[in-house]
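Sequences listed follow chains L and P, in order. Those letters in the first sequence? Residues 24 to 377, by my numbering. Those letters in the second sequence? Residues 24 to 377, by my numbering.
It cannot be assumed that every hint is accurate.
Intra- or inter-copy, both count: the list cannot distinguish identical chains.
[As the list claims (entries may be wrong)] Once the Cα atoms are required to be at most 30 angstroms apart in a straight line, the calculated BS3-like pairs of lysine-lysine come out as:
no.	residue 1	residue 2
1	Lys309	Lys363
2	Lys304	Lys369
3	Lys229	Lys125
4	Lys206	Lys260
5	Lys99	Lys309
6	Lys309	Lys244
7	Lys369	Lys309
8	Lys99	Lys206
By construction, these hints were calculated from the structure, which means they are not laboratory data.
Number of protein chains: 2
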Amino acid sequence: MKTTAVIMAGGRGERFWPKSRNSCPKQFLSLTADGDTMIQKTVKRLLPLVDISDIYIVTNAAYISLVAEQLPEIPKENILAEPAARNTAPCIAFAAAVINKKYDDAVMMVLPSDHLIGLEDIYINTLKKAVKVAEQGQNLVTIGITPEYPETGYGYINFGGEQDGAYKVERFVEKPDLPTAEKYLASGKYLWNSGMFVWKLSSIMKNIQELMPDIYEGAVKIGDAFGTPQFSDVLIKEFTAFRSESVDFGIMEKAADIYTIPGSFGWDDVGSWLAVERINKTDSDKNYIEGNVISVGSEHTTVCGGKRLIAAVGLEDIIIVDTDDAVLVCSKNSTQDVKKVIAQLKEQGRNDLV
Amino acid sequence: MKTTAVIMAGGRGERFWPKSRNSCPKQFLSLTADGDTMIQKTVKRLLPLVDISDIYIVTNAAYISLVAEQLPEIPKENILAEPAARNTAPCIAFAAAVINKKYDDAVMMVLPSDHLIGLEDIYINTLKKAVKVAEQGQNLVTIGITPEYPETGYGYINFGGEQDGAYKVERFVEKPDLPTAEKYLASGKYLWNSGMFVWKLSSIMKNIQELMPDIYEGAVKIGDAFGTPQFSDVLIKEFTAFRSESVDFGIMEKAADIYTIPGSFGWDDVGSWLAVERINKTDSDKNYIEGNVISVGSEHTTVCGGKRLIAAVGLEDIIIVDTDDAVLVCSKNSTQDVKKVIAQLKEQGRNDLV
């Protein structure tokens, strides 16, 4: 059976302000020394498993030209433009309906565009296992990440019995508090929810129809119109009418017959500026420093310099990110509060900085 | 007797980098909300005591135009240009010799250009007392600041018996360690050395002749040439030949007959970026924030913003100073290390940033 990949690239990446902007979010940035952007890496690492012509990018209409520029080898008709932001469930329904127009059935992998994978061979082998499990039934398969510490920023997957390397999912749980996360870790029965899914078109369409019939109806209309002159009009009409819904809440938490494949392949969701020191090489003082920077006596500090000189003197656990029109200076404990800066900028009508 | 003031304005203000630069050091900057520069404030606060035509500015030749621009009311011939940096003793000898050409004798106050005074009336009264004491003999008078805490960054003056409000100076001591500073404070017999001096021309010239005869000889030649066509040539020849010497070491630590007038007038030497929160009004989170800044959850933090937005997120005890071509991010414990940034810039040949 044909294997296809759908890369979700509609996010705003607000926690990576000031580099990530409305006009160029995180997935289109390079945060590693090799220079590739996050979405370029995402596509490259899939090529051992999927033909480039079977890779689909779903993104906001505003980012179509960024995708085309960064990924010229992806067929133009595979770049699916959401006319509005409606979270992951409508995104997946849209992509599934479009691909279903092309193939009676196929395996569809759904992958984020802004994560990093350290061990790509293991990643590919994990996906292959998931594809095999998905092909065998009308199930939904999710990649669960073997947890390394009691992270409170991720959702968890509670799994049960094993069958051919796949584990039955008992339930999805929201971000836990620390004692709960510690219990999960100690139990050995929980994985991190990575947001990577594998299923047949027939399986996901059936689940959408049962669990989100309103969205199913619109998605089918969009799929039917794909490739016709009416497509754009139908897409705008149906997609903008969708309610916002996450795939986790709309489908995964309610569906039966879900399996998880545990993966341990150096996954990093690159969730905040804290990730930069994890995904790059630090110096002997545990600093990660790039660009036009002089550091004097700083430790455990991340500085992403720009054109102007940044002098970092006597700092500890500080993150500095310089851009042409804004510089962020943030304590490592407060990386989630970068969103509050954006909220203040919006309130002040300073949209050029958002 | 005529009272004159000599304002020493040749410093580099390296600890105020990146605002203070070789091309425009600290004394020519405004560090307070009123917009006046340090040297403008210094001149203004003297006017109740000295005629503007009796105020002399000694500065590096490179800063003559800055002085003329910021202090247009000072007579051009009162701006004395040092052809080289030779510390405070040659600076004072130069000024004394020049003023001595004009007056047989006069009182000469020597004052830094980059300190702040909170209580200007008390300051003027303290100087008046010093002038009175200086007029009465061949002594040297220094203003000692009543210490408020065991500061280890200042020199101290150990004083003895009182006579008409002036205290005999027993000795000058270098910057002490903390236990010593605590002892000084507890003894009640020590004042901070403020670097403000008052004496008659005849008194200081006599001391220079006795204690630094080499410098005396050159200074007399410079004074003799003042106002003649040969002045510039003589100044360059004699001044550049001076050794570097501080007034504290060259004169004050060796002279007899020194008195101190204790002063308590809200003196601040504005010695580092730490001073900014002392000399300005802070907010309810003890932040001092000016310019283009968004602060989220920061405390005890100083941000001097520039053109670009600075976002300060979750910071504590951090100082940020933005300029067009460089931004400083410094922990409050490390403000003395700003000089090390300048040293590194010089090593790297990046003199445009120094």
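To see whether the hints hold, each was checked on the structure:
no. : hint              : verdict
1   : Lys309 <-> Lys363 : both (28 angstroms within a copy, 20 angstroms between copies)
2   : Lys304 <-> Lys369 : between (35 angstroms within a copy, 28 angstroms between copies)
3   : Lys229 <-> Lys125 : within (17 angstroms within a copy, 102 angstroms between copies)
4   : Lys206 <-> Lys260 : neither (46 angstroms within a copy, 81 angstroms between copies)
5   : Lys99 <-> Lys309  : neither (43 angstroms within a copy, 55 angstroms between copies)
6   : Lys309 <-> Lys244 : neither (54 angstroms within a copy, 59 angstroms between copies)
7   : Lys369 <-> Lys309 : between (35 angstroms within a copy, 26 angstroms between copies)
8   : Lys99 <-> Lys206  : neither (47 angstroms within a copy, 79 angstroms between copies)
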